[in-house]
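Chemist: Here is how the chains run, residue by residue.
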Amino acid sequence: GEDVEQSLFLSVREGDSSVINCTYTDSSSTYLYWYKQEPGAGLQLLTYIFSNMDMKQDQRLTVLLNKKDKHLSLRIADTQTGDSAIYFCAETTGTASKLTFGTGTRLQVTL
Amino acid sequence: DVKVTQSSRYLVKRTGEKVFLECVQDMDHENMFWYRQDPGLGLRLIYFSYDVKMKEKGDIPEGYSVSREKKERFSLILESASTNQTSMYLCASRSGRNTIYFGEGSWLTVV
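Residue numbers (this note's numbering), protein chains in the order written: chain A, 1 to 111; chain B, 1 to 111.
Just chain B, with the same shape it has in the complex (with noise of 0.2 angstroms):
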């Protein structure tokens, strides 16, 4: 079964602290996103990955990096956490097939 695994479900951060969000997928998929949902703006995309060492800037990446060190693992860095960075942040991964499969989220709040 597909499995995509957000390690932190809910996370609270002051600002300026370094946060990391880890995202591990088991299902040999090159490309891997992350998006923050937010309330009347739907999904937006921060960076994505279409390989290992690979990144490529999303709609959204300031104030934001990642991180792809191995083929599994896709982790989002915000450098300085700010409040406007309180959202609930999104990893997904994508089959061949173009079918893209979803964390269960990571609710972020800076404060």
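Same shape as in the complex, but just chain A (with noise of 0.2 angstroms):
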């Protein structure tokens, strides 16, 4: 079956970039998001990407696609306070409905 892994946590200083990383196994996604998670709240999609694209930039976001190695990463540039949360990836296939997310990475920003 399909699995998405992801380490729980990640402390960085503010102004510094954040990479989040997020490996999966299954061959035949054909989309991966990720997504935010701050206290309390439901989760906000912040960008996905299609299998056929190596790279997105979204402002700060840059998603990088390892098709090979099946890996998948986020970079947060000038990291604020404002982006300390949890960050979910998370993938599917284009005929199931069904998203399959990871564990979570905790940010956590310090001054």
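These aren't lab readings, by the way, just hints derived from the structure by calculation. For each residue, glycine too, the CB sits at the ideal point set by N, CA and C. Hints are supplied without guarantee of correctness; some may be wrong.
Below 25 angstroms or equal to it, Euclidean Cα-Cα: the simulated BS3-like pairs (lysine-lysine) are [what the hints assert, rightly or not]:
id: 1; chain 1: B; residue 1: Lys57; chain 2: A; residue 2: Lys98
id: 2; chain 1: A; residue 1: Lys70; chain 2: A; residue 2: Lys98
id: 3; chain 1: A; residue 1: Lys98; chain 2: B; residue 2: Lys71
id: 4; chain 1: A; residue 1: Lys56; chain 2: A; residue 2: Lys98
Computed, partial: chain B to chain A, Cβ under 8 angstroms [claimed, not checked]:
id: 5; residue: Leu41
id: 6; residue: Leu43
id: 7; residue: Phe48
id: 8; residue: Leu90
id: 9; residue: Thr99
id: 10; residue: Ile100
id: 11; residue: Tyr101
id: 12; residue: Gly105
Derived coverage of chain A by chain B (criterion: at least 3 residues anywhere in the stretch with Cβ under 8 angstroms from a Cβ of chain B; other residues may be distant) [said to hold, decoys possible]:
id: 13; region: 31 to 44
id: 14; region: 102 to 110
Two independent chains are provided; combine them into the complex using the hints.
Modeler: In structure tokens, the structure reads:
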């Protein structure tokens, strides 16, 4: 079955770049997502990438996809205290409706 | 603007009670989902629905049932609540572009 893995915790200083990593096992994944969850809230879609892309940039966010290694990363430039949250990666295949999530990475931004 | 509404944010129920969690979306999406979120386990899919009156089991359907009588509403039912169902429950709906939108979550405590 599908499996998505993330490290549980990352701490960075304000102003530095953060890189959150994710690995997945399903080679038929067609869409890969990054979601952000702030305390007590639901999940907010940050960005997504199609499997035929290597990179996607959206303001301070850069998503890199290595299909060969089944590795996805999210880079946040100039990390701010408001970026402190849990970040989930998720994948889905084109024909299936469900989304498989990783365990989430808690990003802590220190001053 | 996209909206998925979970009517109950915080509930406390007794063991053995029947519990209804309601979710409404206003985007005319076909697909709707119920996940539960537990620390260190990420999001796990309970049930999903791809059309009115249609449902599919997710990864952890035991102890749950669902109802989709209208396109905009997807209900999660705990027939006889147990303490191991204490969790945060997230409803989501999916657009044709494969973007999944989440509600704010329902925190359920079973005592």
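Chemist: Run every hint past the structure and note whether it holds.
Modeler: Here is what the structure says about each hint:
no.	hint	result
1	Lys57/B to Lys98/A	holds (10 angstroms)
2	Lys70/A to Lys98/A	holds (19 angstroms)
3	Lys98/A to Lys71/B	holds (18 angstroms)
4	Lys56/A to Lys98/A	holds (23 angstroms)
5	Leu41	holds (6 angstroms)
6	Leu43	holds (4 angstroms)
7	Phe48	holds (6 angstroms)
8	Leu90	holds (6 angstroms)
9	Thr99	holds (6 angstroms)
10	Ile100	holds (6 angstroms)
11	Tyr101	holds (7 angstroms)
12	Gly105	holds (5 angstroms)
13	31 to 44	holds (count 8)
14	102 to 110	holds (count 3)
Of the numbered hints listed earlier, not one is contradicted by the structure.
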